[in-house]
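Starting from the known structure of chain A, fit chain B onto it as the hints suggest.
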Amino acid sequence: MDCDQNPVALGAYLDDELPPNDAEILRAHIGCCPKCAAEIADLVRLKRVLHTARGHFTPTAEFRRAIEQQIRRPHTRSRRRQLIPAFVLAAAVLLIAIASTQFLHRRDDFAEIADLHVNALASANPVDVVSTDRHTVKPWFQGKIPFSFNVPEFAGSEFTLLGGRVVYFQQRPGAQLIVAVRQHKISVLIFQDAPELDQAFEFQTGAKHRKNFNIETWQSQGLRFFVVGDADASAIGKLSQSLKSANE
Amino acid sequence: MDPEFFEAVAMPLFDQLYNFAHWLTGDRNDAEDLVQETYAKALKGFRSFEEGTNLRAWMYRILRNSFLTSRSGLRAQSVSLMKDDEADLSTLTAHSLTPEFLLLQQEGKQTVMDALGCLPVNYREVVLLCDMEEMQYKEIAQMLGVPIGTVMSRLARGRKMLRELLTAKPPEKASKWTVIKTPSR
Chain A
3 MDCDQNPVAL
13 GAYLDDELPP
23 NDAEILRAHI
33 GCCPKCAAEI
43 ADLVRLKRVL
53 HTARGHFTPT
63 AEFRRAIEQQ
73 IRRPHTRSRR
83 RQLIPAFVLA
93 AAVLLIAIAS
103 TQFLHRRDDF
113 AEIADLHVNA
123 LASANPVDVV
133 STDRHTVKPW
143 FQGKIPFSFN
153 VPEFAGSEFT
163 LLGGRVVYFQ
173 QRPGAQLIVA
183 VRQHKISVLI
193 FQDAPELDQA
203 FEFQTGAKHR
213 KNFNIETWQS
223 QGLRFFVVGD
233 ADASAIGKLS
243 QSLKSANE
Chain B
4 MDPEFFEAVA
14 MPLFDQLYNF
24 AHWLTGDRND
34 AEDLVQETYA
44 KALKGFRSFE
54 EGTNLRAWMY
64 RILRNSFLTS
74 RSGLRAQSVS
84 LMKDDEADLS
94 TLTAHSLTPE
104 FLLLQQEGKQ
114 TVMDALGCLP
124 VNYREVVLLC
134 DMEEMQYKEI
144 AQMLGVPIGT
154 VMSRLARGRK
164 MLRELLTAKP
174 PEKASKWTVI
184 KTPSR
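If you read the sequences in order, they're chains A and B.
Quick note: the first sequence uses our numbering, first residue 3, plus one each step.
Quick note: the second sequence uses our numbering, first residue 4, plus one each step.
Chain A with its partners taken away, still in its complex shape:
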């Protein structure tokens, strides 16, 4: 008998994948074809041996544990991948904490400047040297503060010098002048400039409106100036300008 049986069909018969009718026909053929019978016998032997490939390679117990841990803690599957987000998160939290601290610190420092102003006005003795004469006030600070500054000439302007006192900010002695404009009183606070002082504030030069106070600050000749009061911003600006001119 001349047999040219398709090996694909023999394989499908072996794997029990032929439709029932085709399988029956092939079974009948194999029953009377020695070549196909031998072929099937060989394929069965091969399939039987190949089945033992299952379990040929076995994972280590250590690897099994690693996979189990990976499933239980899905975010720890890769140490490198795990560390990067953790590091980024930690850095972000740290940055936010630092930024918040700095921001609050600055707010507090501006608030403290305003407090010095309010404290002076609320005091029974707002000024320690009572004088409208700048030539009286300026010398009064000699020996009380470790620096000197110029007081502008207020005569002929809308401003009136009421006097001065020594204040402390961040453990540094400074000068506080009280200047009146109409019914408003404005404080001029002068301290020796220092990096810590610069970093303590949200802005180092310019004017801001904070809690109903107008504040202007700048740095000149190694000194840090603050002009703070409830007068309008233009009055604060004018006073600041005259102080800047006097201390350039």
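Some hints here could point you the wrong way.
What the hints assert, rightly or not - A few chain B residues that face chain A, going by a derived Cβ cut-off under 7 angstroms, partial list only:
#1 Glu10
#2 Lys112
#3 Tyr140
Hints in this document: simulated from the structure, not taken from any laboratory.
None of the values given here were measured: they were computed from a predicted structure.
Glycine residues also receive a C-beta, built at the ideal position from the N, C-alpha and C atoms.
Chain B in isolation, oriented as in the chain A frame:
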């Protein structure tokens, strides 16, 4: 997603997935990387897995696809480029190997395993899935994303190549596996 549930249903497949991965890669470290990647992807995508469908086929498909895109997978494919599966079926006549194939009985299991490791990966995987894992053609076809006819022809060709390797012919397209010695007659 419940990791405990995933562990309960996926870890029983661990040994056979590792075995299959080792058969594909031929290397313990590569196999471990592949299995680790498979479980990570499966865990991540477990939400999309529909309960009641074939978890084993799903996990094998993830493993096999991960293998194809891995370094060892790309290497294996580059050495297993063959003509189209259907092209040479005419040469696949049955009976041609039967007399020599009796050697199989003498050579033993290890020789068959070595020969299996020498098969190009696209034939090796089909033979493994059918004869080792006893998957149905339909399941294999779905997993590999090929028609059932391709599975059948690859299977026939893969088995023929195995038998050729076992019957005195030195492997022409040996992979990283040990080259099979020519059996003495």
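*Status of the Lys112 (chain B) interface restraint (C-beta, 7 angstroms, chain A)*: OK, holds: Lys112 (chain B) within 7 angstroms of chain A, min 6 angstroms.
*Are Glu10 (chain B) and chain A close enough, Cβ to Cβ, to be under 7 angstroms, as the hint says?*
Holds. Min distance 5 angstroms.
*Would the stated hint for Tyr140 (chain B) survive a check requiring a Cβ distance to chain A of less than 7 angstroms?*
Nearest chain A Cβ about 5 angstroms off; hint holds.
Comparing the model with each earlier hint shows no violations; every hint is respected.
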